[in-house]
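Number of protein chains: 2
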Amino acid sequence: MTMPSENINHATKLKEALRSAQADGRAFFDFAEHPEYIKDATEISFLPDALLFAESEPELIDIVRFCKANDIPLILRGAGTGYSGGALAVKGGLLVSIERMNQIDIDSKSKTATVGPGAITGDILEAAQNSNLFYPPDPASYLDSTIAGNLAENAGGLRCKKYGVTKDYVISCRIITADGQVKAIDAGSPFGQLDLMIGSEGTLAIFTEIKLRLIDHPCEGKTIVAVFDKASDAAMVVADIISAGIVPSIMEFMDRDAINCSNQFDPDNGIDEGAALLLFETDATGSDSQQASAEADQIITICNKYHPTLLRLAEDESEKRKLWSARRNLSNAVKHVGQGKLSEDVCVLPSRFPELIAFVEQLSETSGLRINCFGHAGDGNLHVNFLGQPGTDNGPMIERAVVRLFEKTLELGGTLTGEHGIGITKKDFIEKEFDIPTLNFMKRLKTCLDPSNFLNPDKIFPTLS
Amino acid sequence: MTMPSENINHATKLKEALRSAQADGRAFFDFAEHPEYIKDATEISFLPDALLFAESEPELIDIVRFCKANDIPLILRGAGTGYSGGALAVKGGLLVSIERMNQIDIDSKSKTATVGPGAITGDILEAAQNSNLFYPPDPASYLDSTIAGNLAENAGGLRCKKYGVTKDYVISCRIITADGQVKAIDAGSPFGQLDLMIGSEGTLAIFTEIKLRLIDHPCEGKTIVAVFDKASDAAMVVADIISAGIVPSIMEFMDRDAINCSNQFDPDNGIDEGAALLLFETDATGSDSQQASAEADQIITICNKYHPTLLRLAEDESEKRKLWSARRNLSNAVKHVGQGKLSEDVCVLPSRFPELIAFVEQLSETSGLRINCFGHAGDGNLHVNFLGQPGTDNGPMIERAVVRLFEKTLELGGTLTGEHGIGITKKDFIEKEFDIPTLNFMKRLKTCLDPSNFLNPDKIFPTLS
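Sequence lines, in order, name chains Y and W.
One gets our numbering by counting positions in the first sequence from 1 and adding 8 to each.
One gets our numbering by counting positions in the second sequence from 1 and adding 8 to each.
Worth flagging that the hints you see were computed from the coordinates, not collected in a lab.
Remember, it's a predicted structure, so these values are computed and weren't measured experimentally.
Keep in mind that a hint or two might mislead.
Copies of the same chain are indistinguishable here, so a pair counts whether it falls within one copy or spans any two.
Once the Cα atoms are required to be at most 30 Å apart in a straight line, the calculated BS3-like pairs of lysine-lysine come out as [what the hints assert, rightly or not]:
1) Lys-328 / Lys-21
2) Lys-440 / Lys-191
3) Lys-219 / Lys-440
4) Lys-117 / Lys-47
Hey, can you work out the whole structure from these sequences and the hints?
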């Protein structure tokens with residue numbers, strides 16, 4: 009669906025204001041030229057009044073002041089890989105792409121990376137690796153996603169149980185607040201300003217520069233793949249690993265239909281059919297690979313207790329790459345096979361993970377919908393996918409199934425979003441997750457920091473009143 | 009000095025509202041009975057209109073709503089060990105002591121402590137130790153300070169370089185916001201609410217329950233004391249230790265006059281005279297004490313390079329206790345010897361620590377004041393003490409010297425408060441440390457979360473307009 013913007017007035021003002029950027033080929037008003045910018049990974053689309061490829065912090069300051077003064081919605085866009093609609097111009101206005109502000113400076117001595125907001129997560133990792141350093145947060149879309157998008161959603165990733173999420177690596181950043189002031193904030197800034205901004209989904213301020221903490225590159229990891237006949241066996245393996253105190257750097261789960269999608273998308277993916285698959289990586293800091301091997305052995309022993317139909321320690325780089333690429337491509341595979349999908353990322357305590365998986369299986373059966381799931385078993389973050397079916401409009405059925413998933417997640421004490429954010433896709437459910445004092449508190453913060461509600465409006469909150 | 013409160017109206021209303029608490033012996037209106045509650049460690053005092061020893065969260069909710077409705081200042085008080093005047097009733101109003109809400113529940117399985125806001129930091133540590141667990145943050149006043157006071161100031165302590173500050177150990181807490189609503193917040197609460205509250209000096213909300221993360225008890229530590237003829241030698245030792253990547257669990261510095269005060273206060277403290285003293289503790293997680301011994305050896309080797317006049321590895325528990333008690337008592341010793349003192353806790357990067365120490369020495373010489381310093385060398389946090397002299401009113405001279413100290417600290421890129429907070433003693437300097445956008449942002453947060461400005465008013469900000 010594409011919602012048209014009706015603010016002729018905004019369009020006229022923006023055309024006037026962005027004339028010189030248009031001459032530079034950086035401002036656009038007709039989206040036939042840039043159709044991919046009106047949507048994101050949700051496949052929902054909204055038409056902004058204008059699109060600007062921003063180049064610098066001073067330009068962004070002017071933009072913020074102009075949009076505030078003219079009451080024009082301002083939406084920042086990273087790579088559009090988000091699954092909650094955070095980068096969509098729901099109320100029209102100016103969509104600003106930060107993809108050209110992508111400089112990356114690695115300082116090996118202080119083990120930091122100073123990057124532009126549009127730097128690609130995977131490029132930061134690669135630059136760090138070139139200095140034998142490492143940037144751990146790796147959302148599945150890390151080869152495309154931008155760092156500012158990661159900050160806006162406080163993205164996690166496959167390694168987050170062991171290494172933490174985006175927030176844990178941000179030393180400081182420069183932001184422009186809704187009143188058009190620019191300032192540097194860090195962990196020592198009073199009133200927890202850094203934590204306030206990270207995860208605020210573009211509704212409170214704009215990131216213009218980010219300084220990240222890097223760590224020493226871990227030793228080369230061991231990769232293990234295990235397939236089971238019953239999803240409950242895989243769940244027991246995860247529980248045993250956690251209670252044994254083993255912390256793999258990655259511990260990913262896929263259900264039967266996710267495995268099928270992966271196999272269909274790439275038959276040469278190294279993965280056997282089965283009810284459930286676990287994919288592990290173990291690593292260790294520094295060059296000592298003994299710990300990684302020892303942990304891999306422990307994981308293999310635990311897997312063997314539950315009669316895996318496949319259990320392999322990857323032998324070489326090429327086998328590892330094949331397995332991880334199957335996992336990294338899973339989201340695309342599901343989308344491709346299912347002819348579109350709605351993806352939700354619910355999260356429960358690891359101890360409730362088996363119940364959640366069982367519920368998804370049951371939900372698929374009772375609803376008659378094609379639903380599959382995969383995710384980060386170590387921290388209970390499950391990506392549940394509702395697949396489109398050709399020739400049928402199963403939208404309303406999917407909507408009902410999503411509600412049931414959310415209700416079950418909250419019943420299990422979980423949260424509606426592990427790392428994708430609330431955006432527009434979950435804002436109708438936020439009142440179910442947070443109590444009234446918490447919601448009021450959040451609304452008050454939004455209202456006080458952006459009184460005219462022009463920064464990424466209509467996100468997170470169903471209403472601001 | 010004692011400032012009288014002039015709000016007869018508030019007093020009358022509070023007497024009416026607190027009648028039943030008065031009958032229980034929990035509410036007081038005459039401070040002759042409780043003279044210690046009108047002041048804190050700054051020795052400045054202000055008269056509140058009433059003092060209540062609170063007993064429960066429901067009572068605190070009523071109190072917050074009553075004070076808000078009647079526009080009566082509400083000040084929460086832990087143990088009054090603060091050095092920034094945070095617990096003083098600057099504008100009169102109701103002073104609430106939380107010291108009776110001091111329950112401590114240790115859960116060994118989840119390694120957590122759930123405690124009341126008035127639980128004494130040292131009692132939490134002791135309770136944790138009884139379960140072979142450990143609560144690391146240890147402000148010098150930990151034997152008296154309350155946990156809610158620690159949260160309000162985000163207190164650090166001797167071990168903070170290795171183990172982090174209070175904030176790093178708070179899993180969740182229950183708070184009452186200025187609108188009288190109670191809610192639970194944790195690290196996952198949106199908009200970084202937990203980080204917003206920790207360190208907000210009682211100006212944004214009230215803590216009613218706190219859940220703390222505990223760690224496994226480290227092995228028994230090694231204690232080393234080293235005395236040098238020149239302060240610059242001690243500073244070089246610190247620099248060498250940091251650049252060698254050694255992280256002692258404690259690394260404390262004392263200057264010549266601080267050593268003198270300690271010796272005068274307790275001649276049997278195990279400390280020799282000298283220009284500078286360093287006191288180290290090394291430890292390691294678990295029961296393996298090899299790392300602690302190895303680090304102690306490395307520290308001794310580095311100290312020896314700078315010709316210490318005393319260098320000892322404490323031989324037994326009693327010697328360790330004696331040395332640490334000298335350090336823990338230092339603040340009292342300085343106050344006692346100097347007949348009162350003004351204590352500031354400035355903080356610079358460890359690399360600028362030597363310059364800061366040299367400046368304090370020079371400031372003492374040029375001002376003619378008795379000034380000494382001690383502090384946490386590992387994280388550049390220096391407690392600078394301006395001593396009172398009997399028979400002289402050197403207040404204005406001290407004020408000028410403090411200004412010079414603050415200016416120098418900022419010139420060195422430092423911060424005016426490592427862990428004591430802004431309170432009233434530093435609020436006139438906050439505009440020197442933070443830029444206008446940051447200050448405006450903080451004021452906006454305060455104004456939006458406490459629009460009637462009744463929660464600990466007149467703290468942090470010189471003005472709120």
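(request) Tell me, please, which holds for Lys-117 and Lys-47 at an alpha-carbon limit of 30 Å: within, between, both or neither? (result) The answer is neither: 40 Å in one copy and 47 Å across copies each exceed 30 Å.
(request) With 30 Å as the alpha-carbon cut-off, assign the pair Lys-440 and Lys-191 to within, between, both or neither. (result) between (35 Å within a copy, 15 Å between copies)
(request) Check Lys-219 against Lys-440 for me: Cα-Cα at most 30 Å, and say if that holds within a copy, between copies, both or neither. (result) between (35 Å within a copy, 24 Å between copies)
(request) First find the shortest C-alpha distance between Lys-328 and Lys-21 inside one copy, then the shortest across copies, and answer within, between, both or neither for a cut-off of 30 Å. (result) Classified as neither; 53 Å inside a copy, 73 Å across copies.
Of the numbered hints given earlier, the model fails hints 1, 4; all others are met.
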